[in-house]
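Participant: The listed protein sequences correspond, in order, to chains L and Y. Counting from 1, one number per residue, gives the positions in the first sequence under this note's numbering. Counting from 112, one number per residue, gives the positions in the second sequence under this note's numbering.
The set of hints was computed from the structure by calculation and includes no laboratory data. Among these hints, one or two may not hold up.
Restraint ranges, calculated between C-beta atoms of paired labels, are given here [as the list claims (entries may be wrong)]:
1. Y:Ile707 with L:Gln70: 49 to 57 Å
2. Y:Met710 with L:Thr23: 16 to 24 Å
3. Y:Arg705 with L:Leu11: 36 to 44 Å
4. L:Leu9 with Y:Met710: 19 to 27 Å
5. L:Val78 with Y:Val693: 54 to 62 Å
6. Y:Ser712 with L:Met32: 24 to 32 Å
Sample of chain Y residues with no beta-carbon within 12 Å of chain L, all distances over it, derived [to be verified]:
7. Met112
8. Phe118
9. Trp137
10. Thr221
11. Asp554
12. Ile633
13. Gln714
Stretch-level coverage of chain L by chain Y, calculated; a stretch enters the list once three of its residues show a Cβ under 8 Å from a Cβ in chain Y [claimed, not checked]:
14. 16 to 27
15. 55 to 64
Don't be surprised by glycine CBs; every beta carbon is placed ideally from N, CA and C.
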Amino acid sequence: MPIHYYIYLSLALFCIGVTGVLTRRNAIIVFMCIELMLNAVNLLLVAFSKMFYGFGLAESPNSIVGIDAQIFVFFIMVVAAAEVSVGLAIIVMMYRNTHSVDINFLNRLKN
Amino acid sequence: MKVIIAFILLWPLAGFLFNGLGRNFWSKKIIAYKATGYIVASFILSVFAFMNVQEYGAVTVHYFDFINTATLKIPFDFKVDALSSLFLLVITGVGSLIHLYSTAYMKEETAPHYARYFAYLNLFIFSMLLLVLGDNFVVMFIGWEGVGLCSYLLIGYWFTNGNYNAAAKKAFVMNRIGDLGFLLAIFWMVVKLGTVSYGDVFTEASLAKLSSTDITAITLLLFVGAMGKSAQIPLYTWLPDAMAGPTPVSALIHAATMVTAGIYMITRSNVLFSHSECTQTVIAIIGISTALLAATIAIKQNDIKKVLAYSTVSQLGYMFLGLGVGAYTGAVFHVITHAFFKALLFLGAGSVIHAMHHEQDIQKMGGLKSKLPITHLTFLIGCIAIAGIPPFSGFFSKDEILTAAYEKNPIYYYLGILGAAMTAFYMFRLYASTFLGKFRGTDDQAHHLHESPIAMTLPLILLAIASAIAGAIGVPEIMGGHHWLASHLTAIVGAPHTSHLAPTTEWMLMGISVSIAIIAVIIAISIYRKKTEEEPQTALGKFLYNKWYVDELYDAVMVRPLDKLAAFLKNTIEKNVIDGAVNGTGKMVQYGSRQIRLMQSGQVGYYILFMVLSIILLFVLWFNDATILRFFYKLTH
């Protein structure tokens, strides 16, 4: 499959994520949108990795060009998982204190 | 030799430190003994150095490198040769006498001020010796600045008097103007020659490197320096005002030593000056104009010290005339004789002022002849010497300059004779109104009139003897002498000048100058011996009395426009432009931050929106690059 399909797909996912973060006030949805952006990036990394690996094989059968991108992907997944647990915990605490998951409700630090 | 030369300098410096640092501890007696003793010690060493030069020739001693870089080397060297050893003798010799005189003259001062006075005097001698001893223009310049500083300090010695402080500042500023010229000349030499040592600059090889424009520019700039220090038109007005200092200071600084620095410097660089016809003409013209201008002013002054001050300016003019016409020996000769008789006259004036309880107006004196016999006699000798009547010293030196001027251009000679006549006139006007006739002061003053103590009369007597006989070092050949000074200075200014004039002409020139001087003396004495009041001021008299209004002219041309400019800069530029810019910056920052603060609303969404927009902007700016765009284009097509 041509690479630009992947690019368009991850671009679309990323934009959806950004739009969600910018427009929604529900903390859980904002959170999900962040995950969406992370995964859009992951998808792109994997796609490029595959592409460069293919280029490398054409040059030499022992090539390992491009595989480091996949390692990044795993790292991002791990970090994302950790982030989810922390983030969800914050949201739970937030709900317990305010009975709401509206992020704008937390601007009370102002003034 | 190295040690001896160093100690010529170190004694006065030691005196300065001793008196300057210990001014609150020592008694006046100790201060006086030490200060005078150090200068006398320096004089003895100078005599030794002089003998040494006579015997073995010039010596150059190296102490350390003052500036040492790849392209420029300025060693801290001293040179004792025929010229500098002569100046050493004059400076320390006359200096010792003036120190001795000061011990009695300044007696009324309290001990700390007494010590301060002697510290300054010693520092002055130190600077002057440094100026004379240096083997390059930079060391000379250090001394040059030093004497400028000391003259400032000494003129403003009575610092509680505002006028005296103004005079001190005037002297300093005027000197600074000249110093700038000197400094530029040094820079010019450094750029063109890469050296400032006398031994390197005055060689044929160096002169070959300089174009005639360079030489003219350097010599003119050096002359500007000499103008400031030696009080020539247009920078002479500080010298008469410098009479604000104590009288011995006037004698030391403004008659015998400091003002001769310019003559020393030009004589030292005579090799350069002889190569520039233009500069020599300028020097001669400025010299003779100064001599005449100052002489006319001196005729109408009533302050005993002012008359002497203008007479100094006038005599310096003669010296510069001598330099301008190439009579370097004559100029140095006149420096030496002038040092004696002018120091004598100033100290005599000091003695009169002392006796008169700080009265300086000659209209209120008169008839002091019998009351101050020693002062009277010595002062008379000084007057005869400066008037140029043989066989006193002034005659020989002045005559040598005038003869050389006649050879160059008779106009110089005639103007010089005119000046000499005025010199004789104003000196004997001063003498007659001070010592002859009836006493015109108050009864109180008359009651207290007394001859000065021995510490003051002894220097007078010694200087009178010197003034009377100093001419012997330069008796011209037609009088059967062999002009010791000319042969002494051969190494510096070239072989003695052989006159092209017929002996009869020379005799005639001498005869004219002497007879004119004697006529002027007789006229002056006959007018002023009986006179009790100055005649009513005529227009010309007023003009001369007010010193040609030169001070007013400078005030109008330089000082007031500068004041106005400063006021304009202060009130308009400073207040509006500079303050406006500074305050404007502050206001702009305040206004800007007040506006930008609105962006911090506390709404997280907005923050993120700004973040996203900024990142997009960043991408557009950074990745809007042909290679990257082409790469993506290739990927997607």
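Participant: If a hint holds in the structure, say so; if it does not, say that too.
Facilitator: Here is how each hint holds up against the structure:
The hint said 49 to 57 Å for the Cβ distance between Ile707 of chain Y and Gln70 of chain L, and at roughly 44 Å that hint is violated. At about 19 Å, the CB distance of Met710 of chain Y to Thr23 of chain L agrees with the hint of 16 to 24 Å. Between Arg705 of chain Y and Leu11 of chain L the C-beta distance comes to about 40 Å, which sits within the given range of 36 to 44 Å. For Leu9 of chain L and Met710 of chain Y, the hinted distance range of 19 to 27 Å is not satisfied, since their beta carbons lie about 35 Å from each other.
Checked against the hint of 54 to 62 Å, the pair Val78 of chain L and Val693 of chain Y passes, with Cβ atoms roughly 56 Å apart. Remark: the range hint 24 to 32 Å for Ser712 of chain Y to Met32 of chain L is upheld by a beta-carbon distance near 25 Å. Every CB of chain L lies more than 12 Å from the CB of Met112 of chain Y, the least distance being 84 Å, so the non-interface label holds. Distance check on Phe118 of chain Y: its Cβ is at least 82 Å (rounded) from any Cβ of chain L, clearing the 12 Å threshold; non-interface status holds.
Remark: the non-interface label on Trp137 of chain Y is consistent with the geometry, its nearest Cβ contact in chain L lying 75 Å away (cut-off 12 Å). Consistency note on Thr221 of chain Y: stated as away from chain L, and its beta-carbon is indeed over 12 Å from all of that chain's, at 73 Å minimum. Interface exclusion of Asp554 of chain Y from chain L stands, the closest Cβ pair being 93 Å apart, more than 12 Å. Listed as outside the interface, Ile633 of chain Y is consistent with that label: its C-beta sits roughly 105 Å from the nearest C-beta of chain L, beyond the 12 Å cut-off.
Its closest Cβ contact with chain L, about 6 Å, brings Gln714 of chain Y to no more than 12 Å, contrary to its assignment away from the interface. Chain Y is given as covering the region 16 to 27 of chain L, and this holds because 5 residues of the stretch bring a CB closer than 8 Å to a CB of that chain, at least three being needed. Requiring three or more residues with a Cβ within less than 8 Å of a Cβ of chain Y, the coverage given for the region 55 to 64 of chain L is violated, as only 0 such residues are present.
Violation of the numbered hints given earlier is confined to hints 1, 4, 13 and 15; the remaining hints are satisfied by the structure.
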